[in-house]
Amino acid sequence: MSEASKLETFHPEVSEGCCSKTSMQSIVKELKLQMRIGLPLVAMNLLWFGKITSTSVFLGRQGKHTLAGGSLGFSFANATGFAVLYGISAAMEPICGQAFGAKNFKLLHKTLLMSVLLLLLISIPISLLWLNVDKILISFGQKQDISSIAKRYLIYLLPDLPVLSLLCPLKAYLSSQGVTLPIMYTTAAATSLHIPINIFLSRAKGIQGVAMAVWITDLIVVILLTGYVIVAEGFKDNKWKQGGLLDQRGQDWLNLIKLSGPCCLTVCLEWWCYEILVILGGRLPNPEESVSTLVIILNFDYLLYAVMLSLGTCVATRVSNELGANNPKGAYRAAYTTLVVGVVSGCVGALVMIACRGVWGSLYASHDLMIINGVKKLMLIMAVFEVINFPLLVCGEIVRATAKPLLGMYAFLFCSLSKISILFFSNIYMFEEIVSHY
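Our numbering puts the first residue of the sequence shown at 23, with every later residue one more than the last.
The set of hints was computed from the structure by calculation and includes no laboratory data.
What you are looking at is a predicted structure, and each value in this text was computed from that prediction instead of being measured.
No incorrect hints appear here.
Straight-line Cα separation of at most 25 Å, DMTMM-like style, residue types lysine to aspartate or glutamate; simulated pairs: (1) LYS399 <-> GLU310; (2) LYS157 <-> GLU310; (3) LYS86 <-> GLU310; (4) LYS398 <-> GLU310; (5) LYS73 <-> GLU310; (6) LYS73 <-> ASP323; (7) LYS86 <-> ASP323; (8) LYS426 <-> ASP274; (9) LYS165 <-> GLU310; (10) LYS125 <-> GLU52; (11) LYS426 <-> GLU52; (12) LYS125 <-> ASP274.
Could you build all of it, start to finish, from the sequences and the hints given here?
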């Protein structure tokens, strides 16, 4: 493999019958390899989404009104900022994964720098959007006071855009090579500081301090990961001797941008189906209760999504590495192995959500029976979706690893629209039923 334009594609027919010929020993070997890559990612994502959950807890300590406004602001940031940055950086996975499989470190290095520059450029219009978030939310029917709180939260969250423009490519660069332990260690170190930073800043500056704690934690990870890449790759493994960091051509940019568009839309559709619910929840008759309930449920879903995302990253790494090494049978074996794990994980995740629905709401709003009952009812519906979400995300990552993300984009478009419709109308019915009992 010479450049990104020559990425291998995955043709299942090439591997037809591979499953019957593959011994149980090779499947066990594949599982062990995926566990080595995936388990640190599970721990990292659980820590990372635990950070999001703790942020919501600190927002809740500021009062129900602040929780609703801050959560609405964070949902807006997810939908318009973080989803876009993560989506664009996802285009690195097929390029870097296949480049690593072919031992083309020159392509790895140039893709890293191009992705950072592209994300920094995209952050500029996103920043302008955040600065006008109050006007946008009010035009969609949100209340003035909640919209003002959301704007105050987002203004102090703005530094997280350039920080994530560095962090997302660094994570994709390392994970595409199967290097996941450093990501886990640096995330654990930063997350351990997140709560004390939050305690100090939330007391000193209120909701602004909660927002500042988010990007400070992200910045710590960026510093640690950058140090690791410089030391481990630059000095120890000497992977930078091939160069390529400043060797970009117009065709390289074109290949990256062509992959970035569908990858970005796929991730955005995946995230928007949840965040749009929060925004629409602000238009229900009881906006504070409905928004708070949805956010509490989604915080639990973030924990399951941590496992889901780890499976997806793991299969994307394995499939792209095998394709880069010109081994389609190995890519096929990695794909169906992870898909089976995804189906089992989806069933387990649904059972865990059902088991925890009675106590999860009381962790956030122990004295608000309306919110607690709302959480109990909606978590049953969400549990059904988890059975589908796990294998769906794995399939999307398999397609993306083949450098053909358009198929995944269309699939998520259909599934996301269906999910939004069912959850939103269920939410309306649920709150009407709960309110009638008070």
